[in-house]
Amino acid sequence: AQTVTQSQPEMSVQEAETVTLSCTYDTSESDYYLFWYKQPPSRQMILVIRQEAYKQQNATENRFSVNFQKAAKSFSLKISDSQLGDAAMYFCAYRTSNTGNQFYFGTGTSLTVIP
Amino acid sequence: EPEVTQTPSHQVTQMGQEVILRCVPISNHLYFYWYRQILGQKVEFLVSFYNNEISEKSEIFDDQFSVERPDGSNFTLKIRSTKLEDSAMYFCASSRTSGGKETQYFGPGTRLLVL
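Heads up: the protein sequence lines correspond to chains A and B, in order. The working numbering numbers the first residue of the first sequence as 28 and each following residue consecutively. The working numbering numbers the first residue of the second sequence as 1373 and each following residue consecutively.
Treat the hints as calculated values from the structure; they're not laboratory data. Please note that the accuracy of each hint is not assured.
[As the list claims (entries may be wrong)] A short, non-exhaustive set of chain B residues, derived as facing chain A with CB atoms under 7 Å: (1) P1380; (2) V1415; (3) F1433; (4) F1437; (5) S1453; (6) R1468; (7) T1469; (8) S1470; (9) G1479; (10) P1480; (11) R1483.
[What the hints assert, rightly or not] Far from chain B, by Cβ distances over 10 Å, these chain A residues were calculated: (12) Q66; (13) S69; (14) I73; (15) L74.
Even for Gly, the Cβ is constructed at its ideal location relative to N, Cα and C.
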């Protein structure tokens, strides 16, 4: 069974600093996709970044990057130059290419950005 | 940018009552989903819907749940006889295509409280 674990319920970071949110997952599949979603307070979840498991290169989107360690089944999110608008709940999610459409989510990490 | 919308934002109901949660997916999307998140727990997949029928459902989606696309824009989740444990945040999502790296676009959620 696929499971996603986010071991940090809450994190905080000083504005302009860098923070890393951790995510691990368990799967027996070799082909899958990993996502980080951001949910600001009272707003919808939006996609931050995604990674295809067959790609060795870590995905990057502006200030957001991932450290994908396939052997360790780890998929951490690094936010550089943190901004006040980065404050949100961050969800890690997994989807295989074989089991249709459903995402498997972690429990989320609440990120606070300190001015 | 188009967004998924959900109504109501909050719903309080008595145990045993029926509730209908409404969603308006993004207009050119063909795949629709419901997820729920019980407080403090993971976001869990309930059901996916395509071409006017359920394409995938989880163990949670038992006979008390049903989904419908009553017209060209709305997508609803009905809970026939609510239980205390149905209290959760319910998220609707939609996507253009299915599977792989295709992201799903989420609504802001409906918080359901069953008393």
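Each hint tested on the structure:
{"no.": "1", "hint": "P1380", "verdict": "violated, 13 Å"}
{"no.": "2", "hint": "V1415", "verdict": "holds, 4 Å"}
{"no.": "3", "hint": "F1433", "verdict": "violated, 11 Å"}
{"no.": "4", "hint": "F1437", "verdict": "violated, 15 Å"}
{"no.": "5", "hint": "S1453", "verdict": "violated, 25 Å"}
{"no.": "6", "hint": "R1468", "verdict": "violated, 12 Å"}
{"no.": "7", "hint": "T1469", "verdict": "violated, 10 Å"}
{"no.": "8", "hint": "S1470", "verdict": "holds, 5 Å"}
{"no.": "9", "hint": "G1479", "verdict": "holds, 5 Å"}
{"no.": "10", "hint": "P1480", "verdict": "holds, 5 Å"}
{"no.": "11", "hint": "R1483", "verdict": "violated, 10 Å"}
{"no.": "12", "hint": "Q66", "verdict": "violated, 8 Å"}
{"no.": "13", "hint": "S69", "verdict": "violated, 7 Å"}
{"no.": "14", "hint": "I73", "verdict": "violated, 8 Å"}
{"no.": "15", "hint": "L74", "verdict": "violated, 5 Å"}
Going down the numbered hints, you'll see the structure goes against 1, 3, 4, 5, 6, 7, 11, 12, 13, 14 and 15, while the others check out.
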